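Residue numbers (numbering that gives the first Met the number 0), protein chains in the order written: chain A, 0 to 206; chain B, 0 to 95; chain C, 0 to 1000.
Don't read these hints as lab results, they were simulated from the structure.
Every value quoted in this text rests on a predicted model; they were computed, and no experiment measured them.
Between beta-carbon pairs, the in silico distance windows are: (1) A/A169 / B/H23: 43 to 51 Å; (2) C/L976 / B/A94: 54 to 62 Å; (3) A/G31 / C/A838: 35 to 43 Å; (4) B/K51 / C/A486: 37 to 45 Å; (5) C/A341 / B/K51: 53 to 61 Å; (6) A/D52 / B/A94: 37 to 45 Å; (7) C/T402 / B/K51: 52 to 60 Å; (8) A/D52 / C/Q866: 49 to 57 Å; (9) B/A94 / C/K432: 26 to 34 Å; (10) B/L80 / C/V986: 58 to 66 Å.
Virtual Cβ for every residue (Gly too), placed ideally from N, Cα, C.
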Amino acid sequence: MVESYRQQSPLDHLALTTHPARHADDAGLILGQRSFMELINLRGDANRSDFTDAVRHAVKIDLPISANTAAGKLAGPHILWLGPDEWLIVAKPGSGERMATALRNALAGQHAAVTETGQSRTCIMIGGSHARDVLAKGCALDLHPSAFGAGQCAQTLLAKAGVILHLPLAPKGAEPMFEIHVLRSFAAYLWAWLEDAAQEYGLRVDI
Amino acid sequence: MFLIDCPYCGPREETEFSYGHEAHVHRPAGAAAEKLSDAEWADYLFMRKNPKGVHLERWVHTHGCRRWFNAARNTHSNEILAIYRVGEKPPKGLAQ
Amino acid sequence: MTKQFRLPEGGRIDRERRLGFSFNGRAFRGYAGDTLASALLANGVHLVGRSFKYHRPRGIFSAGSEEPNALVQLERGERTIANLLATRIPLYDGLTATSVNCWPSPEFDLMAVNGLFHRIFPAGFYYKTFMWPVSGWKLYEYFIRRAAGLGRAPEHPDPDTYDKMNTHADVVVVGAGPAGLQAALAAGRAGARVLICDEQTEFGGQLLNERAEIDGLPAFEWVAAAESELAAMPDVRLLKHTTAFGHYDHNFVALIETRAAKISDGEGKTRQRLWRVRAKRVVLATGAIERPLIFSDNDRPGVMLAGAARTYVNRYAVRPGSRAVLFTNNDDAYRTALDLKAAGISVPAVIDVRHAPGGELPAKVMAAGIEVIERSAIVGVEGTRRVKAIEVMKMNDAGSGVTGKPRRIECDLIACSGGWNPVVHLHSHAGGKNVWRDDFGIFVPGPTVQASAAAGAANGSFSLQACLDQGAQAGAEAIKLIGFTPAKASQPRATNDPTEEPWRNLWLIPSTRPTGERGKHFLDQQNDVTAADIELAIREGYRSVEHAKRYTTLGMATDQGKTGNIPGHAILAKALGQDIPATGTTTFRPPYTPVTMGAVAGRMVDQFFDPARRTPMHAWHESAGCKWEDVGQWKRPWYYPKPGESMDDAVSRECLTVRNAVGILDATTLGKIDIQGPDAAEFLNRVYTNAWSKLSPGRCRYGLMLRDDGMIFDDGVTSCLAENHYLMTTTSGGAARVLAWLEEWLQTEWPELKVYLTSVTEQYATLSLAGPNARALLGELTADIDLSPDTFPFMSWRTGTVGGVPARVFRISFTGESAYEINVPASAGAALWTDVMHAGEKHGITPYGTEAMHVLRAEKGFIIAGQETDGSVTPYDLGMDWIVSAKKPDFIGKRSLQRADCMRVDRKQLVGLLPKNPTDLLPEGGQIVKEVLKSPPMPMLGHVTSSYRSATLGRTFALALVKSGRERIGQTVHVPLEDRSIACDIVNPVFYDPDGSRLNG
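With the rest of the complex left out, here is chain A (with noise of 0.2 Å):
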């Protein structure tokens, strides 16, 4: 584990704390980081109950068998589903090794592969009442609530980077933010482009 005042975002060079927007009123979009997420890769057949009992023991959650499904609750870590033997586990920053080598363990002999990949990316979370129309300037996927609702997620293409989309539960009475998983070195190019497609909704950064 690295040091925390060692660790930089990818989006550190942009002062966000200094953000012109960060206190703005009547804002229809409002933009933030959670960095250092801890992100872990696994990869098994879901098919096998050695497996999925395995993981369920390891990091408390069922893990999500139907396509673009988010498992977890609202507090703790989340299981995405990211293809038919992919998922990705999404958990506060600090946990990480500890859940990884808890599912090695529990692996321990069968085919399936742990990959810590929290390092990779950035979290930028896309709220306010159009964030829908925001995230629609960049991304083919079928954004209507009924379509993509809370518990989801999914692997795609936002303007010119691939992110991984995920809407999670959010506790009563909160707005609900979409989480996007975003590779580091695509992070200030998505980021420049979320608030210029922002920019006729309003923009509040909230940091």
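Put chains B and C on the given structure of chain A with help from the hints.
Just chains B and C now, with coordinates in the frame of chain A:
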């Protein structure tokens, strides 16, 4: 702009996919390949169908699940008549 | 003046909002709700331009997207747009427009002299210039260049913003006329997600132009009620001023929305938005376009489509003329006669090509005291810049000729109607067939592979009631097909909707002379194509409609022949002696109306055009003043010039520092693929040319990947991390391509292999230390990695802590120096880089870029896949036989290496080149010959793949691929350039440390 029904992720826009090439091309491997004449090997390497009509072809969901799959597409109308997984046979009536 | 042309009341204009505008430098006034065309007509301006070829004066011909003549240049400077239709530009205050294709003004156009030379502008003029005497070219070129200008492109970047929006809908309804609104209501009431768009600024379609009634009330009231009902539905999107310009595969519809009311409004909002719409069902309620009658001199200003004349009167309260005659083959034009008369315009006659028209509308016209002249033709038009009078003659029964005495009727407006063409464009874009209906003489939408259907006039049903009924039905059908249940609702009735009698399609109106003599029968007014041109094309042997179209340019102007194409094809069919369906139509292609390039680009401009991928150390490089090299999408430091240094100076300094002290390179961009599974080693055996089974944990190996044709694809170092666990590196540009390729083999060819691949390119920041001082420097940064060469030899890796960061250190080298690639978590890369730079100061460290890296590796004869290779190079060609395993039963490309062509001895092989003059730098790509001959052909031996100045060697050098190169070592070859030739010696491609002692030391 196609809408391609990824057998794993569901319908997605063409931009998320990459086209591969003709599906079901048998690759002679190892000793079987050694036995082939240059012409026979070249036939495997280079010669592909190019029909006006149903074409069995491979696509990969590059910006999604990264899985390869097969599609039967009418090259004239661009109708996608069937999508099926790697290792599966083309649906009846579409086999070439 | 204005009052004379503007009706005192009525119309859908806002008389409270007066707007000033300028056209060709003259100031005018109009009202909100006007188009530029209606405002010009309200000021008595008919003449708006000159034709393309003959520069004939042309007037406003239509009131919509089909307009062939009224093309204008809107605004000036950077915001200018060429070739917009005056009939489609909503008037705004301060609008400035000029005519295109005339100089200095449409009233006095110097190019009109072209009309006198019409004999040199026959059909196929452009093609014929290629066959005419070459000496004529000066003349032809002058005319072609002058004639080819329609409008002017802006000379500066467009300051406005355009963007795109993706959306999905259950039902997309194109066109918000009676059919479209009904379809949207049917779908929306059932709860479907609906998008309805219309190119006009108001919904209502043709109803906006008519004095029609629905359920006993003015049709506008029904339109307003329908619109507010739709607007109240949560999942219905209404887009006005939005043209569906293309219908593509799998029910993809592209729309262009004009969002800024006026062009200078661009600030703060997007001027236009391109909607990318995916529909489950499409309802095409695109209406119909009136077609003209093709009579002699039918292009004179004052000739207008009958429906357009009615539109100007009813919708814009404008008198398009003071004395109008109608010329028609159908009943609908009689509506125009009645509406014009009701507006106080004198209507002396309706000339009908039919025999004894006896429908309800003709009866009303006759009752209104307007003379109906049956079975007659306009055979001549007086007036050049404005119609003054016409000559009318009786036709024979067949309509093929005229008889009797001509009768002269004075008029300043000829409102003509040759029937209506359904707008089948969108249906056709997506591959739909069109079917000929002989009763009307129209093409209607036929079978299609798209989930779409046409309704109303677009489907050849022209009465208001039919439009209302078909629209509702199409909407209901659409939603039923996707699982909705239509809601019950009462259906509107068109009241006061007279029935109409059949049209008589007479494609070419006879005159007193053969076609083309004196008067011209124009089919395509924008491209100046006449009936005579079509007949000439047939005489010259053109048979296919596609050929005749290209030869004559019929329908190839910006309006794509929306008005004249069908009559043109009919004339073509007649000349060929066949029917119209056998002749066919040309293919309609998107866009339906021109689309600005700005909208096509959207926000994908400047920094958004292509992502610039940044490594974790990007900010450091930037502050160090590096020059960047684009590698794929990555930004990589190219070199770091110090003040006053040239590129050569900087690269030489960086190279020498690596050779003599230590350099640091940001190698983060190298592709990294994590490979896990019990069959991982077997997988590597199959994808690389060399053997991998014996690579033990802690060790690294270089590998070469071939395509199955035996040609080099990519290369890199793969390390064994643990049993069944490897880390593969790829070239920076090839990372995604290699992963996709490996997945393809794994998933499609070898599904039995138990291997998982995961990209970890961005998980790590990679800092590469190279040079004789690298070990000492690294030793200061790590306490837990034993760096002694015996325990940490070349081509191995260790883990530990470097600068307080957990690291994996690889002892591999691309420079030929002792080198360490340090992989650390990406978020710590920048901090570690700074620490290494500090610690490295006393070791003489310098950051080096990709250029120095390229020089250093070339000095060692190391290849770069994609530079020394180009998809036609085998390992043998590079002299890398050592990396090709003969023992493995199979690997990708193995069999191909045994193909006779890959075994040829005269294949191009990798060699070194040393220019005889050590300061001569060969250009990369330079062709190599054995001797320089006075004139070509000179047999080509090969080409230069890499060429640099080497500070280490104190001279220039190059790598090259040369036929039988290894045999030619010691020979002299030449690289001929434009002004000189460079002589070089062929040498071994390893220029530095051939025994590798520095690498291993």
